[in-house]
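Chains as they are written, first to last, in our numbering: chain A, 601 to 836; chain B, 11 to 230; chain C, 2 to 228.
Incorrect hints may have been included.
[Claimed, not checked] Incomplete in silico selection of chain A near chain C, CB under 8 Å:
no. : residue
1   : S652
2   : A678
3   : F688
4   : E691
5   : F696
6   : E697
7   : L705
8   : N725
9   : R727
10  : P731
11  : T734
12  : Y735
13  : G738
14  : V820
15  : V833
Read the hints as simulated data drawn from the structure, not as lab findings.
No experiment lies behind these values; they were computed from the predicted model shown.
Using N, Cα and C, we set each Cβ at its ideal position, and we do this for glycine too.
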Amino acid sequence: MNSNILSLDKISKKYGEKTVLKPLTLDIASGECITVFGPNGAGKSTLLKLLSQQTKPSSGAILYKGSKIKDLKEAYRAKLGVISHQPFLYEGLSAFENLQFYASLYGVDNPARRASELLTRVEMNKRMHDPVRTYSRGMLQRTSIARALLQNPEIIFLDEPYTGLDRHASHVLTGILKEQIEQKTTILLVTHDLSLGYSLASRLLIMSKGEMAYWGEKTVADSDFEGFYLSMVDNG
Amino acid sequence: MLKSKLFFVIDVLAIVMIPVALWFAFFYAPLELRMGAIQKIFYFHVASAWVGFAALFVTFVCSIIFLIKRNHFSDDLAAASAGIGLLFCTVVLMTGPLWARPTWGVWWTWDPRLTTTLILWFIYAGYVFLRKFIDDPDKRGKYCAVLGIIGFFDVPIVFLSIRFWRTIHPNVVQSGGGGLHPDMRTAMFVALGAFTLLYISLANKRVRLAKLEREYYTAE
Amino acid sequence: MAKNNILKDTIAIIRKDVMLEFHTREVISSMLVFALLVVVVFSFIFEPGEHEQQRIAGGVYWMALVFSGLLGLGKSMLSETSGGNLEALLLTPTSRNAIFLGKVFSNLIFMFALQAVMLPLFVILYEVNLLSDPMMLAVIAATTYGFVLLGTLFSLIASRTRTREIMLPLLLLPVLVPILLAAIQATNAMVAMSPLEDYIKWIRLIVVFDIIFTAISLVVFDPVVEE
């Protein structure tokens, strides 16, 4: 029980009368990389929103190391890094200024040093003082990856981070994810990229129609996963 | 079952009471000497104003309940009440000039009560538009609740500010009847009762309609 | 990790907004040009050489400010909603109140910067010295604060509707009636050189409005931003 960093206790979400997530219970151990698969509308993004406290569950509770995140609030949010398909950056500011601003909100010591350190890590050091609006899509994504790592998060949520990424950015992202997995950061990755998601995962969550269709270890060979996934989604 | 019976009784009472209020206004209450027959509009003008402002209070209370509890009923009732409030404010704003023209010689005056009703009308209109332009029911409820709460605190300040500015409205109730004939007072309270019943009956129908609509759109 | 506090985070958000404005120069410059345009167009109401304009100078000044302020508020909220920055702000450990106050005070700074340029120009164009009475500064400060306070709250609400440009004035203007009326009356009284006791009630009204709605805004902002 103690090794579980996150526990979902029968959480569900309704918008109005429409149920987007049926009661879901599962435990995530510290240092795991969970990949979440599922067709559109399966409730994946809702799950991440609930976990990142962007929305409240209609029922049930989420526990972080045994305490309800509802009570932890700020202390819990400080542990999270979130990468979404939105850049989370101010267009008129430079990458450096953006990161410096967010670092100060996360209470990072010496925000300027941390910002340039991470921008170098994502290979943005040459352009980091130009306004974000002049960046290509790939550069934007690399900057937003750096942004999510500012406070050295204990848990990282990624919501379809590979959508629209160029080769360079996607290479940088995979490199960073592998690095974070080695550092025992807990990762929840929502993706449509079956082979990449499968290879990174320590455990899998497959969702369909707001319900868990499969939850557990990798049981099939990489090459057979697509068939396995499709059978799960159809049955679910 | 009991609830639907109760509302059926209220519906019937509202239908009966409106003609009764008309009878009281036109046959029971004496003719006002100075203003003449036009004064008869007063009973419905005041009753509409009462409902128009009371509806804001209902919206306000329901808005607070919605922000705390997030239940559909409070949002539905807040919305129903604001919609009916808009309707009755419109009645006030139409009957007011009809009365003001022969009495004060102008269609409109910037007097505190009239102007406050006009501002309240704008707040209700904003509320109704806001509901129309947000699709997500949860967000819609939340934002409208905020407007309902702010509007409720704003209206007394509006009234105060306009009173600082100017006033010529007759003070009917505040000065202990203010020379109003006892029979006129009776007729006024009958009209108030009739319009309150009408408000409850309409609000109940709108809440039920909102519930049916939601069930229809969320049915699988 | 350093502790978060409301003051530090509020300042960080203000600093970010001022920096953003310094780089792009979009909000204040467009507000200023629009405010001047309103002032000029309003002046066509009067016959040249008449002194009528002194009597309603307060009204023109505040209308110009409100209309250009509506533009500025919309634009300032746009920088938060585009690119998902508001979402990102909510994900940080920052308190919701720091986010709200940060936005209110950066909007306040923009409105003060606008008025620093507009006031002298207004004096030239209307031959009315609005600052002849030092109490005018109190009226400007309290009214502008009340305007941006509810303006920030409603611009956030309006930004999430399908028709954000029209929703902001539709929601905001009726609610602002008391302080706009008060500000105009107080300004006119000062232009007419009336003594303080003639218009102190208006200043009190604005202050009461500010206090009531500061409290309400801080309470309701949390449910407004939460998805």
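Consistency of the hints with the structure:
no.	hint	result
1	S652	holds (6 Å)
2	A678	holds (4 Å)
3	F688	holds (4 Å)
4	E691	holds (6 Å)
5	F696	violated (11 Å)
6	E697	holds (6 Å)
7	L705	holds (4 Å)
8	N725	violated (20 Å)
9	R727	violated (15 Å)
10	P731	holds (7 Å)
11	T734	violated (12 Å)
12	Y735	violated (12 Å)
13	G738	violated (16 Å)
14	V820	violated (35 Å)
15	V833	violated (27 Å)
Hint violations for this structure: numbers 5, 8, 9, 11, 12, 13, 14, 15, all remaining hints satisfied.
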